[in-house]
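Peer 1: Residue numbers (our numbering), protein chains in the order written: chain H, 719 to 983; chain R, 21 to 662.
FYI, nobody ran anything at the bench for these hints, they're computed from the structure. Just to be clear, a hint being listed does not mean it is correct.
To be verified - Simulated restraints, written as ranges between beta carbons of each label pair:
id, chain 1, residue 1, chain 2, residue 2, range
1, R, R649, H, L888, 38 to 46 Å
2, H, E959, R, Q557, 39 to 47 Å
3, R, G596, H, T850, 51 to 59 Å
4, H, P851, R, D66, 42 to 50 Å
5, R, R511, H, T850, 36 to 44 Å
6, R, Q57, H, T850, 12 to 20 Å
7, R, G641, H, E792, 48 to 56 Å
8, H, T730, R, Q557, 22 to 30 Å
9, R, R649, H, E945, 18 to 26 Å
10, R, Q557, H, L888, 48 to 56 Å
11, H, N778, R, G641, 52 to 60 Å
We put the CB at the ideal spot given by N, CA and C, even for glycine.
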Amino acid sequence: MADLICENLNMTFSNPQTGGKVEALKDINFTLKKGELLSVLGPSGCGKTTLLNMLAGFINPTSGTASLDGKVIEGPGVERGMVFQQGALFEWLPVSQNVDFGLRMKNTDPAKSKRLVDKWLGIVGLQGFGDTPTYQLSGGMQQRVALARCLVNDPEVILMDEPLGALDALTREKMQSLVLELWKETGKTIIIITHSVEEALLLGERLFVMAPRPGRVHKEYNLPFAELGLKESLRDIKQKEEFSEVREEILTMIWNMEEEIMGHG
Amino acid sequence: MGELLSYNRAYIAAFIIIVLVAMFVISVVVGRKETAQRDKDEVFGDPERTRGGWYWSACGVATLLLVWFYFSWGVGRAYFPEAANEMCQVAKLEEVVSPIKAALPIGSRYFKSTLLVARNTDQLDELVTQVPSDVFSPDEQDELRNIIGDQRQLMANSSDPTQLSAQTSSELNALVGKISLLADKLKSDPTSLKPTEEALAQPKWGLSIIEIPVLPTTSRGVLFDTVAGEAADITTLFNKIRNHPVQNDRIISDVKQRIQNLKTATESDDFDAAAIVQRNKYIKSVERIFKRLDDGTIFPARALEEVNGAIANLDAAKDHARGGLAWIESLFFPGQGVVKSRTQCTEQGSARWLPKPTDVVAEFLTLSNPDIEAGGGYKGIPLFWWKWLPLQDVVGFFVPDSIADIWPGEYAQLGPDGTITPSFKDDLLAFARGEAYLGAIPMLDGHLWDSLFRVLVALALGILLGVPLGLFMGVSRFFKSFFDPLIELYRPVPPLAWAPLILTIFGITDDGKIFLLFMVAFAIMVISARTGASGTQLSKIRASHSLGASTSQIMRYVILPNAMPEILTGVRIAIGVCWGTLVAAEILAGTTGIGFIENIARTVSDYELIWVTILIMGILGLMFDIIMRWVIARTIPWRGKG
């Protein structure tokens, strides 16, 4: 019963200067079972990040509820870990203390913390980097630290806001594999927001394509590629015909949405 | 050891100057070589060039020090330690002869007689046109005009060479003879002359308050000194010579009588008060000119020509006798040379306000000597030392007396048998007032420490109170808007504008200065901490929320470290501004501190001490900044890389 449930979620932003209202999200309904991998895709302004911020508890919905394990989400919580696009690491702390941060806030026993930190640094492939200052790390390594920092807290849901957006293509592919591995090993529920159609297909057991004005879930897919990715190389998957088909379909869909926006504009 | 160094400072300077010149030459040679090598592959504006090279730094330092040595006469004293003494003897002669020169074209372009006649004529011309017709009768007016006419005649007679009396003439001749003898004496060989024991025992140049030893210490100096002594008699003689032509005697007694008559008339007749004042005023101005003419100081120009020539001769002899000294003076003693005043010889020109580097070091060593008895320190306080600080003084300062008041119980009362038994409350009061002996702790002491203490305490208070407030202002609408007007109201006022008010309220004790500096540091710390806190990325705060941090934990572990670069930059600025403000505050009011020393040194024109304080302040300011740069590099290596 570790389900993430959204019921009639609405979010309206009002602009005090113009008095106008923007419906960032309208009537979002979905249920995510424990251990599911969801990727969310959509053009700019479709409310992807708003949805994620709401699930993280940073903002509250105008109406409707989101709940995890039957508990309504009303604020940030340890059970919902967040990974940001730029890592949002604490540059004044070395790698191990960044990972350690959540545990220290809970006054965890240092010996236990150390064990956990070492374990997770190992899993994300950063063993031996514990004392390195974070500003000396590359972008990909910084994201690994961010992942470890989130996972060490043992959250039930991991929310990722374009986590790989700022990485170069090669690093990105490596990180995509890492995300899949982590998903497999930990069995966590993961929501990934992305701009890249390929990434959404590869990292999505389920995939929401969202549409703007008002922000809503336009179409939902159930995809086999994430499972496949655990066994085969991601590049082979990208070559598959069914992958291309879905990719083209979604690209056309998003393309049309963008056209529509421009037309409206 | 120190004594020895101090006594031989001229020789030390000589050595240092040679080293500096060598350093200058070597660095220029190396610099030119390096530059020539790199000229080919360097591009103008290449940032690599801004790194400079040690040789040009060495060259700059050597140049600066050499310029300092030169214009402070340090080079002169190093290589010609007797020059100033000799210049002093020459100055003696010049001082002695100057009254004679002042009467002659050689010293002032015109004969003094020429100037006197011109001035008297101008004044007589003016008086003639201004005879007050309403208070003098027509007869009296004529009389006054006649008197003025007679005065013109007196001047004419005095200026006529043919009327020069035989006595005056022979006196002038004798004077010329004496001056010529003196000139001959100056031309004689001085090597047989020996300075006196007393002269040799004088403190060397620059070693005592009497800057330059007055008594001659060289043969040439003795010659000048002797000549100056004899010239003094000649000057006295010259001042006594008067020109009274025979024809003037009758006119003088006549005019004297007529002026007296006019005065008598003023008293006898019944003029009203205003008329008396006006009559007396006019008669007095006529009489004033008459008295000058009566003095007989106007000579025919030709009569003094020979004296003028003799003095010119003496000058030539003086230049001859100076010999190489003239060259040394013009090359190594920029400015007006040495001037003899009543009792001492002083350096004139840049050397007057620019002390020699070695003297500055010596002054600093004296100042920093903790042994007050031996003349160290300043005004009975060392520069930087330690002392035993009674602990009760500290307690008395920090613990408020009211603690004893609020303690339950009663103060002791007079008992019926006339004894007083102190209660615990009494003991507590004595403790809080700092009256109970608690032992002593070693504590830093001295002018410099007092200044440092004020800055450090004010800075610590500013940081302790300013940083938390600034952080809260950076994250909270309430704190920002509530405190912003308060701080922005006092901060833009220059700290020195607050100083008179605060120093008046608090007096000259440490409290006022610390409060003033606290105000400075507080505003800077609040603003820098606020900027740092408000610049925290939202994603970092959200991340820490998600990681389970509470609001206070985010303040402590995220916002504070995130604001550290700005806070440390703020501290660096605050130290600089506090240091500057402190010195000014100490100059305004204070009994200790580095600014106090400078202020007192100013009032007594002690240039060496002024320079020492300036250098101490500069070096300390630099040290603060270097320490802060080091701290910043150590504590926030991530700055600009986050």
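Peer 1: Run every hint past the structure and note whether it holds.
Peer 2: Going through the hints against the structure:
1. Hint check: R649 (chain R) to L888 (chain H), Cβ distance near 40 Å, so the stated range 38 to 46 Å holds.
2. Range check, E959 (chain H) to Q557 (chain R): about 43 Å between beta-carbon atoms, so the 39 to 47 Å window is met.
3. For the pair G596 (chain R) and T850 (chain H), the beta carbons lie near 35 Å from each other, so the given range of 51 to 59 Å is not met.
4. The hinted window of 42 to 50 Å between P851 (chain H) and D66 (chain R) is violated, with their beta carbons roughly 31 Å apart.
5. Distance hint check for R511 (chain R) and T850 (chain H): the Cβ-Cβ separation is about 41 Å, which falls inside the suggested range of 36 to 44 Å.
6. A hinted range of 12 to 20 Å is violated for the C-beta pair Q57 (chain R) and T850 (chain H), which are about 41 Å apart.
7. A hinted range of 48 to 56 Å holds for the C-beta pair G641 (chain R) and E792 (chain H), which are about 55 Å apart.
8. Separated by about 26 Å at the C-beta atoms, T730 (chain H) and Q557 (chain R) satisfy the suggested range of 22 to 30 Å.
9. Between R649 (chain R) and E945 (chain H) the C-beta distance comes to about 57 Å, which lies outside the given range of 18 to 26 Å.
10. Checked against the hint of 48 to 56 Å, the pair Q557 (chain R) and L888 (chain H) fails, with Cβ atoms roughly 27 Å apart.
11. At about 53 Å, the CB distance of N778 (chain H) to G641 (chain R) agrees with the hint of 52 to 60 Å.
The structure shown violates the earlier hints numbered 3, 4, 6, 9 and 10.
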